[in-house]
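The numbering used here puts the sequence shown at residues 215 to 314.
Since the hints were made in silico from the structure, they are not lab data. Since the structure is predicted, the reported quantities are computational estimates derived from the model, not experimental observations. Any given hint might turn out to be false.
[Claimed, not checked] List of simulated lysine to aspartate or glutamate pairs, EDC-like, C-alpha gap at most 16 Å:
1. K295 x E247
2. K295 x D271
3. K310 x D271
4. K295 x D248
5. K295 x D278
6. K295 x E276
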Amino acid sequence: MILHIVRHSPVNHPSFSSCLRSLGSRQSLLLIEDAVYALLPGTAFSQSLRLLPNTVDIYAMETDLVARGIPLDDLPARINKINYLDMVALCTEQQKVVSW
Numbered sequence: 215m216i217l218h219i220v221r222h223s224p225v226n227h228p229s230f231s232s233c234l235r236s237l238g239s240r241q242s243l244l245l246i247e248d249a250v251y252a253l254l255p256g257t258a259f260s261q262s263l264r265l266l267p268n269t270v271d272i273y274a275m276e277t278d279l280v281a282r283g284i285p286l287d288d289l290p291a292r293i294n295k296i297n298y299l300d301m302v303a304l305c306t307e308q309q310k311v312v313s314w
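Make a model of the complete structure from these sequences and hints.
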């Protein structure tokens with residue numbers, strides 16, 4: 215399994231789109247720092263995440279969501295909010311970690 219970690223804003227950096235193009239089924243995606251802006255409701259970026267297969271696990275760093283004012287209640291149910299300890303566990307559980 216592969217964990218893809220994206221940290222740049224999808225608006226200002228191509229890493230979000232590049233990651234989604236290379237993301238395979240049964241892989242995981244973790245949004246941290248400014249990448250959590252992809253979860254803003256009604257954006258093309260959030261629509262792209264909704265179109266990912268259900269076999270892709272999507273995680274978001276809760277502290278980054280809160281710091282950027284993204285309402286936690288508006289997140290899709292499939293988004294797993296995690297903390298730093300969860301992130302460490304997630305990284306160690308995966309065979310490979312790719313940072314974008």
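Cross-check of the supplied hints:
1. K295 x E247: holds (13 Å)
2. K295 x D271: Holds. K295 to D271 sits at ~11 Å (cutoff 16 Å).
3. K310 x D271: Holds, because 15 Å separates the two Cα atoms, which is no more than 16 Å.
4. K295 x D248: Since the Cα atoms of K295 and D248 sit roughly 15 Å apart, the hinted pair holds (cutoff 16 Å).
5. K295 x D278: Distance ~10 Å between K295 and D278 Cα, so the pair holds.
6. K295 x E276: holds (5 Å)
The structure agrees with every numbered hint stated previously.
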